[in-house]
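> Taken in sequence, the protein lines are chains C and B.
Each step along the first sequence adds one to the number in the numbering used here, with nothing skipped, and position 266 is 266.
With positions in the second sequence counted from 1, the corresponding number in the numbering used here is that position plus 1000.
Don't take each hint at face value.
To be verified - Under 8 Å between C-beta atoms, here's a sample of chain C residues computed to sit facing chain B: (1) R93; (2) R136; (3) T137; (4) D346; (5) G364.
Treat the hints as calculated values from the structure; they're not laboratory data.
We put the CB at the ideal spot given by N, CA and C, even for glycine.
There are 2 protein chains.
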Amino acid sequence: MSYLDQITSPTLLLDEKICRANLQKMADKAKRHGMQLIPHFKTAQSHKIGNWAKEYGITEITTSSIKMAEYLSGQGWERIHIAFPFNPLEADRLNEIASSQGMSVQLINTETAQKLADTLTNPVSFFIEIDAGYGRTGVDSKDYLGIQKILDIAKSSTNLNFRGFYLHPGHTYYGDIPSIYEETREALSRLKKEFKSQYPDLVTRTGDTPGCSVVEDFGDIDQLGPGNFVFYDLMQAYLGSCSKSDIAVAMAVPVVDIKKDRKEILVHGGGVHFAKDVLSREDGGKNFGELVYLNDDGWVIPEDGSHLKSISQEHGVLKASDELLNKVKVGDVLGILPIHSCMTADCMGAYLTLDGKWVDHAEGSKN
Amino acid sequence: MSYLDQITSPTLLLDEKICRANLQKMADKAKRHGMQLIPHFKTAQSHKIGNWAKEYGITEITTSSIKMAEYLSGQGWERIHIAFPFNPLEADRLNEIASSQGMSVQLINTETAQKLADTLTNPVSFFIEIDAGYGRTGVDSKDYLGIQKILDIAKSSTNLNFRGFYLHPGHTYYGDIPSIYEETREALSRLKKEFKSQYPDLVTRTGDTPGCSVVEDFGDIDQLGPGNFVFYDLMQAYLGSCSKSDIAVAMAVPVVDIKKDRKEILVHGGGVHFAKDVLSREDGGKNFGELVYLNDDGWVIPEDGSHLKSISQEHGVLKASDELLNKVKVGDVLGILPIHSCMTADCMGAYLTLDGKWVDHAEGSKN
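In isolation and in its complexed conformation, chain C is listed as follows (with noise of 0.2 Å):
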């Protein structure tokens, strides 16, 4: 039976080969490299694909949020990071956590840091993160009193362990990625020179799917941590990540509707399975996700130009080439390649793949 026999409503395909592929290939960079790879799980969030990714090496893995954390952990995994400005109100899950699985939190001011010297009943380690120069958050990579502040902090406790500067070039998504890979070498090696005889042992993690993709020179860098590389998507094929066969996930969408005249398929797939991420076409319209053609083995990808051109909550408005148009119909399934796949595959909560068996992802089943 194929896995397409399986669906009736919008479903998240994942091709296990693609995205092996994508593993094998970041994991093969980062040793080319010197580097360790650690994924951000904020993408896959998944037991299944953190056991794929073992076997590429990996040991440790990044989540955006404590609960993130909380369904990945007891996995086996080294340690836990979580890559994000730490929640004070969220210490007594820290230590909950951290009683049965290795963990590092991210720290960027003194308050929290000294709740956390305060609080943590078991070792945590932590990162401080470094602004990478757009301001979302982070400290000033010169702003080395203010670092040693929380460093000193830390040092009256002997549960949160400095290990060292994390720096997200999140600004490689519109920006120019050598030049601004050129600063984060910079700020992270004079981070680590003025640092190192206080911790030794101190690493430097970077980590953007653009950058990690396409950077050849990381410097003295010790940890590569992009996250969107393991399934990748349309906004990475067009900034030039990935190409769009990389793409190892795409969206089943039921037919409902044809507009011939208008050249419109109308599909089951919308803002609560795609999330709302959004690209501009050449000709000024909008692109929510690309036509791809489903078979029994997985998808082939036309160059005619369907697109979701537009989607509500539940309706997706597809549209159509000619060769789509001759061939569809009502009850036909559809694929979609995602423009962003970690908010689709959060919206999704579960995936399918080709050989028919469902992947956990935190979020649950919402199929």
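Knowing the structure of chain C, use the given hints to seat chain B on it.
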């Protein structure tokens, strides 16, 4: 103990009093116009809030998917309508649910009508959805032949029963409401006249929140089906459907960092909590939600312009007023009125009331 003591992570707060006042007001309006209120429960998606609705004379509800209908079935509703062009692949699931729950669906083509005529094993009513004029979905209101073809197929089945015409003028979110409603009244009235001789009991339904909130002339339309009004949100407030004090939900977000020099506050609250709906501000900036001050009784809406200027998957950056900056501390919990409450509730999957009780949502707790 205050409900505030329960909050350590992003949490969607629900003010029952405001929610009930919204239900009461819309029920009164329907009554005043001699119409039946059949709210769209894609917003609330809740058994508990459904029970509140029943206290205002509401006996039928609408959902946007069969999954949501499955969740809300068996709760004493006379009928649950799925306001989405029926997906023929879900016919088995419809049969299952219709064996114990009054159901209606929406048809817009002969293919799906035939599929249901061939496979239904239990009685199901249907509406024919009429294109409101903005082309998302539905049969053209003057396509009597197309409508008759669907009706003729239904006549061949003892289980598929025509109920009437459904027209969702969703373009009231960006168009001129009075003229849109003039067209809506005209189309539904004309269709009623045209098909009344064949179906003396047919009803007509319309139901967008902006229109249902402000329009006072519904002509001979029989049923009102808005959804968002149960909670309202900032989009509705800026459209003029409600005032900000009518918004029944607010996200509680923990403060994780404060940048006084930039007048910014970093909160735990991002795209996985709010979804990514956004409004444009008059100053050209973006608005992903607006600040409210939480207290033991709920929240107070300041007029100081503090708002979420950007969000990513978990991060929210709040542009803060001086008043807020002067009193906020890391570890505080702030409130944010959402841009689009339907999507926000769908992301969160649970509500916390101001008396500290959890209220269910179809997506399950995601706190």
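> Now tell me if each hint is right for this structure.
Evaluation of the provided hints:
no.	hint	result
1	R93	7 Å, holds
2	R136	6 Å, holds
3	T137	5 Å, holds
4	D346	5 Å, holds
5	G364	6 Å, holds
Violated hints are absent here; each numbered hint is respected by the structure.
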